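*Asks:* Sequences listed follow chains A and B, in order.
Heads up, the first sequence is in full-length UniProt numbering, so the first residue is 1 and it goes up one at a time.
Heads up, the second sequence is in full-length UniProt numbering, so the first residue is 1 and it goes up one at a time.
What the hints contain is simulated information worked out from the structure, not anything from laboratory work.
Treat the hints with care, since some could be wrong.
Straight-line distance between alpha carbons at most 20 Å, and here's what the computed EDC-like set of lysine to aspartate or glutamate pairs gives [claimed, not checked]:
(1) K654(B) with E173(A)
(2) K598(B) with D588(B)
(3) K38(A) with E129(B)
(4) K451(B) with D222(A)
(5) K38(A) with D710(B)
(6) K8(A) with E23(A)
(7) K564(B) with D631(B)
(8) K38(A) with D28(B)
(9) K12(B) with E651(B)
(10) K275(B) with D217(B)
(11) K242(A) with E651(B)
(12) K242(A) with D725(B)
(13) K654(B) with D237(A)
(14) K242(A) with D698(B)
(15) K38(A) with E289(B)
(16) K250(A) with D649(B)
(17) K250(A) with E651(B)
(18) K38(A) with D44(B)
(19) K451(B) with D649(B)
Going by beta-carbon spacing under 8 Å, a handful of chain A positions derived as facing chain B [to be verified]:
(20) A21
(21) Q25
(22) F172
(23) P175
(24) S177
(25) M238
(26) H239
(27) G240
(28) Y244
(29) L248
(30) V251
Label-pair distances were calculated between CB atoms; the ranges are [unchecked claim]:
(31) A21(A) with G787(B): 55 to 61 Å
(32) F721(B) with A166(A): 32 to 38 Å
(33) H771(B) with D232(A): 26 to 32 Å
(34) G60(B) with G95(A): 38 to 44 Å
(35) P97(A) with F438(B): 37 to 43 Å
(36) D320(B) with P85(A): 36 to 42 Å
(37) P85(A) with F438(B): 41 to 47 Å
(38) N700(B) with D232(A): 22 to 28 Å
(39) G95(A) with E699(B): 31 to 37 Å
(40) P85(A) with V696(B): 34 to 40 Å
Given the structure is predicted, the values throughout are model-derived calculations rather than measurements.
Ideal placement from N, C-alpha and C gives every residue a C-beta, glycine not left out.
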Amino acid sequence: MYNFEFEKPATVADAVAALGAEEAQALGGGQTLIPTLKQRLASPTKLVSLTGIAEMRGVSAAGGVVTIGGGTTHATVAAQAGAYPALAALAGNIGDPAVRNRGTIGGSLANNDPSACYPAAALASGATIVTNTREIAADDYFQGMFTTALDEGEIITGVRFPVPEAANYQKFEQPASRFALVGVFVAKYGAGVRVAVTGASEEGVFRWSEAEQALDHDFRSDALMDLDINPDNMIGDMHGSKAYRAHLVKVLTKRAVAAM
Amino acid sequence: MPKDHGIGASPKRREDIRFLSGTGNYTDDINLRGQAYVHFLRSDVAHGKINGINTEAAAGMPGVLRIFTGADFEGVGSIPCGWQITDKHGQPMQEPAHPVLAQGKVRHVGDPIAAVVAESAAQARDAAEAIELDIEELPAVVNMKAALEEGATKVHDDLTSNLCYDWGFVEENKPAVEEAFQKAAHVTTLELVNNRLVANPMEPRVAVGDFNRASGDSTLYTTSQNPHVIRLLMGAFVLGIPEHKLRVVAPDVGGGFGTKIFHYAEEAFCTFAAKALNRPVKWTSSRSEAFISDAHGRDHVTKIELALDSDNNFIALRTDTMANMGAYLSTFAPSVPTWLHGTLMAGNYKTPLIYVNVKAVFTNTVPVDAYRGAGRPEATYQLERVIDKAARELGVDPIALRRQNFITEFPYATPVAVEYDTGDYHATMDKLEEMADFKGFAKRREASAAKGKLRGLGMNCYIEACGIAPSNLVGQLGARAGLYESATVRVNATGGLVVMTGSHSHGQGHETSFPQVIAEMIGIDESMVEIVHGDTARTPMGMGTYGSRSLAVGGSAMFRATEKIIAKAKKIAAHLMEAADADIELKDGAFSVAGTDKSVAWGDVCLAAYVPHNYPLEEIEPGLEETAFYDPSNFTYPSGAYACEVEVDPETGKVTIERFSAADDFGNVVNPMIVEGQVHGGLAQGIGQALLEGAVYDENGQLLNASYMDYAMPRASDVPFYQVDHSCATPCTHNPLGVKGCGEAGAIGSPPAVVNAVIDALQSAGRDVTHIDMPLSPSRVWQAMHG
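Just chain B, with the same shape it has in the complex:
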């Protein structure tokens, strides 16, 4: 019988009432007295030298308060990068400056050149059109291979080349990997592109800067997944505002998908301008601006080689990737193709030798950074595609080939520097075979053939790494931030609780799921627990939400803080019942003395803590409020097996997804409904990448599909009814909840299944197609079929 309460129950999401009834409080809902509006004049060329900016006419336009250009930000800090990669020669990556407004050069379409602050948004935009720009267009660097050629135009004149870094992982493994390839019985090679994606959260970015002249405090309201990170980066590195004079609030946020992790120039601008003008300054991104200013995702070009022995054991893996950084280094961009990608190349397999080479490249395109999955989808896609190709080349069952090479003993130390704590890859595969009804596929293929359609079945496994940690390790890897999470649990006098978490919810449902954990621990109703997040003035320093970390890291911090609460409450209860601390038990919201019928209710203990008339004041302080910072000892490693069935219309190349099954191991699950919803969303994004999405730049660096007229987002009718399961749970061994993380799995695990299915459909019809790059649009599939 399903639980109706606590961990494992599926109460409906309490936050949805306000989201669905239009009563949410998003950043754009924040309007401050005296607020002015900024419009950014953005570059319409990809690369150019700024010879002059004439703002004279614009400055005289109605409502204009001030026009800012790059010159106003001389002496102001550069937008910082939060991760430094050390290259294969032991040298730090090349790290260019990233000014708030362009200085000297523009480097991508969308690069902000000037900012007009006016009484209204329309006036600001009118005036921006009156600014006269003298920009000398330079050749655009768009193609990564061309960018790395000798003598290529440089995106940044002060760097030695367009190469950010050349990373080898693990460099010491390289000779052994080469040797293994020499003696391999079979080598499968695949060249592929992991397509560039635009995140497209439903809510575009918004920033409102405010300055309090009386206190000298600055406040930034922003659409962020991690307000404390923004406060630190912007305050310490860009604007020089100490944290105690700077508050960052990220209220309701309408989807992030990674692109709202990063610190953006517009945030710094609004904060800076609010002080300069002594008025609140607001920016609301249009969807058109979002396409050319939100960090994009993916954009890898990879060659992967898999070496097998004569028994089809994987003996070595070698990859060579170019990763697009875009024009500037976004906050966590360098970490995505390296530590979030190279470390995942073992996948679910016991390949003993792995070498990963990644060249990160600057181009005149929008910066690229983490997007749902961040590095792990790129790793999974190439690995699961090359295994599928190997199975076809060898004429063996792709499932059997995978099973044969599965890691089966845990903990398992991979050759790419991580240690998987738990997992059971055969179990999820067994579950998948059952859910996806592989046995019935032949019949379904016949039925499709009768309609003139080619049916294909594709599957893959995935492993992912959530809750990146521990801080001391990631510091050695180049992270310039800690990766713990925090929670303060405040118990009120009448027994209700407020949890102030450093995690941030922007669709994940923390306001519902986090209280379930506390309800379970104390034995009270979830409605007694309120979650506060997204405000640096109200929550302890936390790192925010990304990388499927919130429950594993933030939930663990909350768990630890609640443990401290319970320990103290037991002392109070012991005092009230005149018993020993060790004899106190907490169950169903009441403390009792073991072996007796004495008990005292949760609320009475809480009241005693704040009205300490009968209270052990000599031993413990009054009050009931505890904080915990949790720094995990390892990543968590969700895993799973996915299967996709497609129909391909051979006449048009159109692919439709007929079935999709996902068997995931997320460890323990707090709210199964929310977990399933996360998987559904992730699958839709993965299917979007596989079939529909992909930013297209022309040779001049113009983004050709910078609107929904040409950039295809997945819609409900593009995805099937999913079959999802998370019953094959191997709890994480190193966090107190035994949870792993589920937010990105769907997006990580689904693209290879889709592509494998299409290749299966085409090959089963006798077409010699071994690979098609995503998105598998009708025209690309048709083109591949007709060579």
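With the rest of the complex left out, here is chain A:
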């Protein structure tokens, strides 16, 4: 990696101030950023670690909402988000123990890797992304591969997940990275069913609205029988063609529904 300055503020306010420097970069758990730096594919002048900010850590549940601090590790979510079991299960299956003990939900959502797990949970749950300046609805937050509504220097301080009646996440692992080759999160709320798909699309995480409508009408996996998703915008690579990914979206959605 190239040389950089390093700061580890203790408050969100100090972190925001530190990120005001030119080419400063926030560092969550570093599970993506640190390997990128080691490959010399990024050269921030300053890294601002968010892991020292106590107010950004922790999981709480109240009034049908699970709130998770942006600096909370996957391992903590897996252990403490029992009020939203599908979310806790998802967190417990990200990467390996080393990744889960360093990687954070805020870091994952800010990075918005098209194959990451958390974006599917946030979008399917209609979560609210809370930053140091505002609250952003998940439907507005994800704007394509590695692209989000976050402004420069804006920090995810927390995420609020409304707890659904039932939910399930099905992840089909890419054999090497064990990221989601395709992942489907289905959440059933009183107001309707939400289905979010990660790993599959060239445009990043997305909602499969046809499936949502079909499941609103009849919440059984058979309700998806006649649905097919257009492979045109799917990712095609050595791990799976566009058609394969489109096929997996349907299979995993059915499995998620069947498991609920």
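Fit chain B to the given chain A structure using the hints.
*Replies:* Showing chain B alone in chain A's frame:
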């Protein structure tokens, strides 16, 4: 009752204490005073003409000591190839130069162009980025078939084409093979790819060069499986350093799998630069560099045809293979698709007529060389796949078809130039049928079906050849090295022993298993024996460890040296007890006179050898130290039968391995625990090849999966609990220990079982799938099922 001592016991591996407690001494742990660091600037294009390298700005960067380019190596030797193949017309293979740093052209992504030596690794890397390259990109030669077409772009302009050699084996058999195919009742044909693998040892390669200005001696510390081979190749052919002025040390090495056999440019560079700069120079490969600079393995494209008569006897076999050499000839690359592959095509079967054609091809890819099994997995895979396909086409039981064609009489001379000394293929198959519970398969298939899964059962046999030898024969076949092994056994005055072996342990557990042999021979505790290896200054000239040769060849050398020790010790004991030499017996660490109660302890004899006060000085010299060089008269031929049961998820194509059984014949076994561990590791690598691994190049010669984000290595959860057995032992007849070799068997024998099982699962579900190329990733299996 299991033995707790000597041959056949399973003491825990003594070396694991340091490996598991972080106290090993790997090459990267070696840091010399005044050490500088090198960073190699590597080509990011597969093929290009170097028009200019401007190092001016880089040379002025902080900490930079010197920047080397290909021009600095003019007059320095080429990285040599250790095996010359003679083609089917009697002509030698085409052998291109392989400069330490690229000269004129770059030929693969990863080809080193310049080397920056600086005070720190980071400074060297910073400066390398400031080097300005003017490289004119040329069309990349990636596909082997296209590489052989008339008018194809040439990887090496000074060669006549991209064909390294066109090898026919046995050329004289060809007309008879053709004739047999004419009259065959059935011919089964299969086209397949043996996927290119990246070895990925846990420890990446490291080299530290050192030069002693006072003595003029050079030392290279390197991650090698065979330091003497590196000393000879680098000293004699590249740098012109005589062996007495060059020491090569390969300390603890964290896995080799073949890719650390070869002499690499980075080793020569560090040795050269240390002298040029008069400072130690260190290189530590990153994992990213390893993907594009460690020799890869496999990469064959094959058409195989099996001819059967109307009684389902195999009457002839014909194969046509293209073998990728990559951009340069790595040390033993030409031998892998030829003598380590063609000679194995008979397998376990008495097919009387065999013809093997291999075209070795240069491409703009990383060089390809031996990887665990080296040629034998490629032979086994195609043979055992085509037999399975034949059984399905003929509607016969694949086990019965194999049994019917088994070789049953030994020694057996195959039509592909080798003679199997022993084996009992029915015995391992019987054992397999029992272990794998073939009878219970139907029930297990029903249980899988109830879960919506397709269950398949695949099996195969394998034969392999270890301890390649004898030297005079392999010399005729083109080897430019001897293939003996050496050992010096030094007995100390108080009875402890040090064995200096030419074999090298990089995970095999020699430090534990070799002492068991001596403990058995002398009747002392293993703890009295220490193994020294991996240092040309401390061990006799040896050929190192590869090809599952260490116990069969290196262990035999140690056995012979120990025999000499015992013979001399008996003379000393006879003198001490005033008896005749012939009456002396050695048992449980004591010498006794037959028929008497006179005895003298091992330690007392050793002491007498070094404090020869009461000693037959007129007859024998003092001291107790002997060396033996052992050159085997033949290969050893381990064999076995493997079975794999898979579940295929028909919706996703995902394959999971539910059971894997391996019945091996390794001859005599010294440490059963270590042997089982070797089989487990080999199976994991074979399963990795079958389901997960495979280097993917795009048409521009870029390696698309050059990291663990995309190159899938097998993990614990990808493999089942294995059932392994080595009780069907037919000891090797020509080495003193009766041992065969077990290091590669798992990797050789497992891929066809996995693929056969998946095909069985799909066909049993009515899918017309006859073959899927490895790796059988979910998407490939799904694709095959949905045509």
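*Asks:* Now look at each hint and say whether the structure bears it out.
*Replies:* Quick rundown of the hints versus the structure:
1. K654(B) with E173(A): Judged against 20 Å, a Cα distance of about 10 Å means the pair holds.
2. K598(B) with D588(B): It holds: about 14 Å lies between the C-alpha atoms, which stays within 20 Å.
3. K38(A) with E129(B): Holds, at about 14 Å.
4. K451(B) with D222(A): Within the cut-off at roughly 18 Å; holds.
5. K38(A) with D710(B): This hinted pair holds, its Cα atoms lying about 18 Å apart.
6. K8(A) with E23(A): holds, 16 Å
7. K564(B) with D631(B): holds, 16 Å
8. K38(A) with D28(B): holds, 19 Å
9. K12(B) with E651(B): violated, 45 Å
10. K275(B) with D217(B): Distance ~9 Å between K275(B) and D217(B) Cα, so the pair holds.
11. K242(A) with E651(B): Holds. K242(A) to E651(B) sits at ~16 Å (cutoff 20 Å).
12. K242(A) with D725(B): violated, 44 Å
13. K654(B) with D237(A): At roughly 17 Å apart (the allowed maximum being 20 Å), D237(A) and K654(B) satisfy the hint.
14. K242(A) with D698(B): holds, 18 Å
15. K38(A) with E289(B): The hint holds at about 13 Å.
16. K250(A) with D649(B): Cα-Cα ~15 Å, so holds.
17. K250(A) with E651(B): Holds, at roughly 10 Å.
18. K38(A) with D44(B): OK: K38(A) and D44(B) at ~18 Å, within 20 Å.
19. K451(B) with D649(B): holds, 9 Å
20. A21: Hint on A21(A): violated, closest Cβ of chain B at ~23 Å, above 8 Å.
21. Q25: violated, 19 Å
22. F172: holds, 6 Å
23. P175: holds, 4 Å
24. S177: Cβ of S177(A) sits 5 Å from chain B, so the hint holds.
25. M238: Where the cut-off is 8 Å and the nearest Cβ of chain B is about 5 Å from M238(A), the hint holds.
26. H239: Since the shortest Cβ distance to chain B is 6 Å, the answer is holds.
27. G240: holds, 4 Å
28. Y244: holds, 5 Å
29. L248: holds, 6 Å
30. V251: holds, 5 Å
31. A21(A) with G787(B): 55 to 61 Å: Because 57 Å falls inside the window, the suggested range holds.
32. F721(B) with A166(A): 32 to 38 Å: Holds - the Cβ-Cβ distance for F721(B) and A166(A), about 35 Å, lies within 32 to 38 Å.
33. H771(B) with D232(A): 26 to 32 Å: At 30 Å between Cβs, range holds.
34. G60(B) with G95(A): 38 to 44 Å: 43 Å Cβ-Cβ, so the 38 to 44 Å window holds.
35. P97(A) with F438(B): 37 to 43 Å: holds, 39 Å
36. D320(B) with P85(A): 36 to 42 Å: violated, 57 Å
37. P85(A) with F438(B): 41 to 47 Å: holds, 42 Å
38. N700(B) with D232(A): 22 to 28 Å: Check passed, 25 Å falls within 22 to 28 Å.
39. G95(A) with E699(B): 31 to 37 Å: holds, 33 Å
40. P85(A) with V696(B): 34 to 40 Å: Holds - the Cβ-Cβ distance for P85(A) and V696(B), about 38 Å, lies within 34 to 40 Å.
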